Amino acid sequence: MAIHAISLIVNGTKEQVQVPSNMTLIHTLREKLGYTGTKNGCEAGECGACTVLVDGEPVNSCLVLAVEMDSKEITTIEGLADSGQLTPLQEAFAELNAVQCGYCTPGMLMAATALLSRNPYPSEGDIVEALVGNLCRCTGYQRIIDAVQKASRNGGAR
Amino acid sequence: MKISESGLIGKSVPRTDVIDKVTGCAVFVDDIQFGPSLLHSRLVRSPYPHALIKRISTKKAEELPGVRAVVTGKDLTARLGLYLIDRPIFASDRVRYYGEPVAGVVANTEDIAVEAAKLVKIDYEVLPAIYDPVESTQPDAPLLHPDLGSYTVANFIFPEPGTNISEHFKIRKGDVESSWSNCAALAEGRFSLPPIEHVPLETHTSIALSEKSGQMTLWASSQSPFAMRDMIAQCLGIPHNKLRVIAPLVGGGFGGKAGVTMEACAVVMAQAVEGRPVKLRLTREEEFVGTSVRQSLVSEIKVGCDKDGNLLAMELTYYFGGGAYNDYGVNIARAAGYSCTGPYDVPNVKADSLCVYTNHPVGSAMRGFGMPEIHWGLEQIMDQLAENIGMDPAEFRLKNCVRTDDEIVTGMKMTPIDLEACIDKVSKAIDWEKKEQPTAPNKKRGKGIAIMWKAPAMPPNPGSAAVVRFNEDATVNVEVGGQELGQGSFTIAAQIAAETLGVPYNSVTVSSPLDTKYSPYEWQTVASRLTWSMGNAVKAAAEDARTQILETVADHWGEEVDDLTIKDGLVISFKSEREQPLDKMVIYGLPNEDFEGWKGGPVIGRGHFMPTYVTNLDPETGQGTRAVVHYTVGAQAVDLEVDLETGQLEVLNIASAYDVGRAINPDLIMTQIEGGAVHGMSSAFEALKFNESGEVLNPSFVDYRIANIADIPRKIHGDYVETPIGDGPWGARGVGEHVMVQTAPAIANALYDAVGIRFSDLPLSADKIYLALERKNETG
Ligand code: FES
Ligand code: FES
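Chain order of the listed sequences is A and B. When the letters of the first sequence are read in order and numbered with the numbering used here, they come out as residues 62 to 219. When the letters of the second sequence are read in order and numbered with the numbering used here, they come out as residues 20 to 799.
The hints are simulated quantities; they were obtained by calculation from the structure and are not laboratory data. Please read these numbers as outputs of a predicted model, since none were measured by experiment. Errors might be hidden in some of the hints.
Computed beta-carbon distance windows for the label pairs [to be verified]:
#  : chain 1 : residue 1 : chain 2 : residue 2 : range
1  : A       : N180      : B       : P621      : 37 to 45 Å
2  : B       : P621      : A       : A63       : 36 to 44 Å
3  : B       : K734      : A       : N215      : 18 to 26 Å
4  : A       : N215      : B       : V721      : 57 to 65 Å
5  : A       : G95       : B       : T631      : 45 to 53 Å
6  : A       : D143      : B       : P457      : 43 to 51 Å
7  : A       : G95       : B       : P782      : 36 to 44 Å
8  : A       : D143      : B       : K734      : 35 to 43 Å
9  : A       : A63       : B       : P180      : 34 to 42 Å
10 : B       : P460      : A       : N180      : 48 to 56 Å
11 : B       : N480      : A       : E190      : 32 to 40 Å
Glycine included, every Cβ here is placed at the ideal spot set by N, Cα and C.
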C-alpha cells in the first residue's frame, strides 16, 4: 500500500506524519500522533464518539482518510482546554455531571463546540439537531442539553 | 449511628474523574500505548448457531505473511464459568451460537489479522437449533450440553442433566391451589421479551502479554478484574499471582463487562506469541454479535386477590433463555426465583424459575439482573388484577406493596424500606389523578405506574477490601478493587474516606487503573453493591488510619484518644484545645519529648467488609432465614401519548423515586435515575434480531437503535427516599441498576391506559402499536 507524507495542524501544532492510503483520521490521531482523547465507538460514522473539528467543522474522524486531511486544521478534545483553563462548555459538562463513563464525552464536546461557535445561543431544538449523531448510553442526554445551554449563557464555545 | 460531622455525606461534591473525562485525559484500555511490539488479533467466529466442528484447517492462514500464530481450542479442554463451568474458550467440537469464537489469529497488523481470519477453514455439520426457552425444555428438543451432568457447579445451583435446564429454582410457600377459590378476582398472562445487548459506547477490548517467566498480564475493559483473574486462572491453570489483570476506566458496562467475555481468547493467543503484547478489540459488529446479552424470558403468571384487593396467591413460571452457555445466567434465574413476586406481600406462592440453554448468544447480567425481565410481566399483571377488582393501580400497589419487617416470599424478614413513600412521590410528580388532554386530536394520552424491588444477587459471601494511604503532605490515596464505570463509585469512595478521616474531599485520590497486583480485593462491580459493600470497606480502612493517627497524637500529648478528633486535616483536642496538622506526621510520626526517640510512622489503614449472615435456601421450597443482604425498592410513573396514525409513542414525562437508604451524593443518584429512565425506555424498543438460521440481523447502531438525544422524554423527574439499613455506610445502599427495572412495564401500563390494548411481548415498536390499533378498530 502506498504511504503518503502529510502534514496536519493538530490543536495548533504542525504535525508531519506518514500514513498508508487507507488510514482514517481517527487511527492517525490515536495511533500515529497519540491523541487518544478521540474515541472509537463504531468506525462506521454511527455514534459520534470520534468527532473532531476539521477547519472548525465537526467531522466523524472514522469516516475520513488521513490523506484527505493534508494541511488541514484539526481540533481534538485535547485542544479545548488552554493551559488548564477549561472552556465554558467543558466546565458546564463537569459542573452539571453531564458525564458518566465519559466515553462519548470527547465527541459530544467537539460537536457541541462546533454548534456554539456557529450558533452561540442555540435553542433546545438546535442542540438536539446538532447532537443527534452522538450516542450516549449512560446519561440520558438531558444534562448534556442543559450543559450546552449553560455554556451558551456563559460565553459559548470559548 | 454517627451523624456526619463535616457534612460531606449527603453533599453533591464533584466527581473525582470529571476533569479527566472532559479534557480527553481519561485513560480507557484502548488508549494505552504499547509501542511497536504490539501485535493485533481477530477471532474466527461460527457462522452457525448449532453445529459440530468436523475439521479446522489453519494452514493457509498461518502461511499468510505477517501472521504470527493461529490458535484453536484443540488442546484446551478446561472450561470457563462463574456458577456453572460450561464454556470453552474456543469451541473445539461443537458450536452453540452464531458468532461463537472457534479460532484466533495473531498478526503484525489488524488488516493482516482480518485477512488471515478469512483463511481459517472450518468444516461444520449443522445441527438443529433451538431459540425458544419453553420449547427448549421439551423432551424432544435438541440437547445442547450432553455433558451437563459432569460440569462443576456452585452448591446453590440445580441443573437437570439430560435436559437443557441449567437451573431450576423453586418456591413453595403456603397453599396456592386452595387459595384460588378464595379469590374475588384473578388475572393471568403470558409475557415475553427478547435478548437485548448492553451497548456500551466502548467495545470490549483487551491486551494480553505472556512473558517467559510465566507471568501473564491482561489489560481489559472490565467491571470485575478479580473475578476475571479467578475464572481465567482456574481455567488455564495459571497461579493467581502469575496472572495480573489491569483494568483502567470502563467506557460503559451495564453488566456486559462483568465476568469473562472474550478476554480469555486474548490470553490464549498471547501464550502463542510469548513476549509480545496482543490486542483484541471487538468491532461494533462483534460487540452486537459476540458478547453476552440480557437473556430472553417467557413468563407465565397467575395471581388472585380477595374482594378488598388483598393479594392472596401467585403462581409463576419463568423460562429464561440462557443462551449457549452460562455466564451469570443460572444465578439470574435463581435471583428471579427468590424475588419472583416482585415487591408484593403475597401469602401463597408457587414458582418455578428455569434457566434454559438455547442457541442464542451467552445470556448474562444486564443492569438489574433478572428484575427488568420479571417485572415486565409482573407489573402488567398487577394492573390487570387492579382493574379486575375495580381498584386504581396506584392504590392497589399501596395496599399490597411490601413493607419493612414483612415476611417476604423466601420467608425472610423484609429489610428497612419505604415503598409507599416512593409511590406517593411519583404519583404526585406525575399528577396521577389528573386525566390529561392529548396534545393533538390524532393522539391518545395515558398514564401508567410500576414498582420494583431488587436485591444484590450474588453468592452469600462476596467481599470488599480497601486501603487508605497517607502521603507526606497529608493527601490521601484510597485503593479499592471496585470499578468506575461512570456510576460514580470512585467519588463515593473518596467522600466516605474524606468524611471518616476528617480531611478535605479534594485531598483524596482514588487509585486507577485497578490492578490485581496492587489493588485490594473486590468481588465484582455488579449488583449495585459498591456504595454499600466497598463503601463499608473504605470506611473501615479510613477508621483504621484515623485510629493510628489519633493514638500517635494522644500518646504525644499525653491525652486520651477519646478526647481527640480530626477536622479539616487537623488533629484537635476537645480537652486541651491543642492542634496538630497531619502533614509530615502521617509519614514521619511525632518525636518524643526532647527528641528522645519517635512514635508513629507511615499511616496505612486497611478495611474489609463481607456479609456473614446470608443463608442457603431449601432447594424444594426456596425458604430460608436470609435469602439476600437487603432490597432496594422504587416506583416509576409515566405520562405518554400515542399517535393513532403512526403508532408512534412519545413519553412526555417520567417520574422515578427510589429508596436509597442514605444519599451519599444526591446528584450522582439523580444521574443514575435520569440515565436509567432513558435506558429503561430505550430497552422497551430494543431487540437483537435473528433470522431462521440464527444469524444476527441487526449488528450495527443503525439497525439496533438505542435512544438518541431526540428520543428522550420531555420531562425526566427524579427523587429519592432515605430509609437507612443497619449495615450500609451511613445506612446507604445501591441504586445503579434499579433505575431501569420497571420502566418498560410502566410504559406498557400507560399505553394500556391510553389505548386500551395490552402489549405482552417486547419489543414495542410503532408498527406493532399501529397494527394493534388497527385490529382493535376492526373488531370494535
Ligand atoms: S467511531 Fe466514528 S462515528 Fe462511531
Ligand atoms: S457518558 Fe457513557 S456513553 Fe455517554
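These are the hints, each one checked on the structure:
Between A:N180 and B:P621, the C-beta spacing of about 55 Å breaks the proposed range 37 to 45 Å. The hint said 36 to 44 Å for the Cβ distance between B:P621 and A:A63, and at roughly 59 Å that hint is violated. For B:K734 and A:N215, the Cβ-Cβ distance of about 24 Å falls inside the hinted range of 18 to 26 Å, so the restraint holds. Remark: the range hint 57 to 65 Å for A:N215 to B:V721 is contradicted by a beta-carbon distance near 35 Å.
A hinted range of 45 to 53 Å holds for the C-beta pair A:G95 and B:T631, which are about 49 Å apart. Here the CB-CB span from A:D143 to B:P457 is close to 50 Å, well matched to the stated 43 to 51 Å. Take A:G95 and B:P782: their Cβ atoms lie about 42 Å apart, and the range 36 to 44 Å holds. Checking the proposed 35 to 43 Å range against A:D143 and B:K734 shows it holds: the Cβ atoms sit about 37 Å from each other.
Checked against the hint of 34 to 42 Å, the pair A:A63 and B:P180 fails, with Cβ atoms roughly 60 Å apart. Under the hint 48 to 56 Å, the C-beta atoms of B:P460 and A:N180, about 34 Å apart, miss the expected range. Here the CB-CB span from B:N480 to A:E190 is close to 52 Å, at odds with the stated 32 to 40 Å.
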